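Heads up: the protein sequence lines correspond to chains A and B, in order.
In terms of this note's numbering, the first sequence opens at residue 1 and continues consecutively.
In terms of this note's numbering, the second sequence opens at residue 1 and continues consecutively.
Worth double-checking, as some hints may not be accurate.
Take a look, some chain A residues computed to stay more than 12 Å from chain B by CB distance [as the list claims (entries may be wrong)]:
1) N12
2) K19
3) D52
A short, non-exhaustive set of chain A residues, derived as facing chain B with CB atoms under 8 Å [unchecked claim]:
4) P23
5) P41
6) E72
Don't read these hints as lab results, they were simulated from the structure.
Computed from a prediction, not measured in an experiment: that's the story for all the values here.
We put the CB at the ideal spot given by N, CA and C, even for glycine.
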Amino acid sequence: MSDAVIEIGDSNFEAEVLKSEKPVLVDFWAPWCGPCRAIAPTVEDLAVTYGDKIKFCKCNVDENPLTPGKFEIKAIPTLIFFKNGSVASQQTGLATKEQLEEKIKTLI
Amino acid sequence: MDKNDYDVVIIGGGPAGLTAGIYAKRAGLSALLIEKHTPGGQIMITDWIENYPGFPEGLAGYDLTMKMEQQAKNFGLEIIQGDVKSLETDSKIKKINLSDKSVNSKTVIIASGCSPKKLGIPGENTLYGKGVSTCATCDAMFFRNKDVIAIGGGDTAVQETLFLTKFARKVYLVHRRDKLRATKILQDRILSNEKVEMVWDSTATEILGSKSVEAVSVKNVKTGEIKKIEAEGCFIWVGTLPNTEFLNAQIKVDESGFIITNNRMETSAKGIFAAGDVRNTPLRQVSTAVGDAAIAAFCADQYIEGLS
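Excised from the complex, chain A in its bound form (with noise of 0.2 Å):
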């Protein structure tokens, strides 16, 4: 694990993603979920690439309860990139990592 994805909450979720100046990548996740597992490898490698122009994160939602419910996710790995504050597009289940450039691209 490189500290390049940075672990968010209910806590710091506004202070982190709503109000960041970049773009924000979060991924939504659970340690018994085999797919979550399966996609943060990839995240992590896009974090290293494109972690200057856009901040990475993920939340656990076992212990994050209130944020997955305001943006009603139901399923995870769900993939959520926030611009300006606000939700740019979403993505559910898995995905291969030129699928997620495409959709970096379109933030930066």
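Once you've looked at the hints, dock chain B against the given chain A.
Only chain B this time, still in chain A's reference frame:
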């Protein structure tokens, strides 16, 4: 030999692919496994596996995956993440084209597995991730004390529905026939579970909801009657489709798209083998996948010896 050249390239990192890797490396072959996401395959989303011998207490799909991956790595299997776009199988050296590069290999073992089949009904795609799901272990917790609908009647549908009952208030299991296809032991468990209401002889026709799932329209195939069942979740387990979008016409498939092999796991293209769920096999289990893969790797080794 170029550094992009291998004795065997394995496509797919589920139980079949990882097993092929273990056998290939132990046979002294140079081997590369290409996986689209992360090794694991479909068992990664399986809550509990209790029919794979050697684990009398049963174990989580993810844990079995991790053990297999570790075992393959212990023997030096090289694993990369990549999306196979096409295969060139004409000549002695096969070419595997990925989105960003190509690799050459004397043999290829296709172990790309299956993906969940879709119903093809309105609402299925638009509400995916908004109540529609194919992964109970991932998403069941979002439906704590809620009513949910599950669709299917095979082992996967029944096993995963049982998992849903740990969270949901009630699960309607919609099945198109009047009896389940699932293994007897699973049938007994589901039919005696108080949280489960069977909806027999029925198919889902539409998933309804504006922002998230609110109800599912269900049609009785015998009477034609359509009723709306209110639920916040809809889990779909109606079989699988082979992951074969990269195949060429030289590799023959059956009418459902599964790769045809002989009992040496050889496909119709020389030097190309197939193993696991992607093959036209009567049973798709971890235990059958690993058996296929051991044979495929063994026969790939024999094929390579025959080349020289």
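Against the earlier hints, flag every one the structure doesn't satisfy and list their numbers going up.
4
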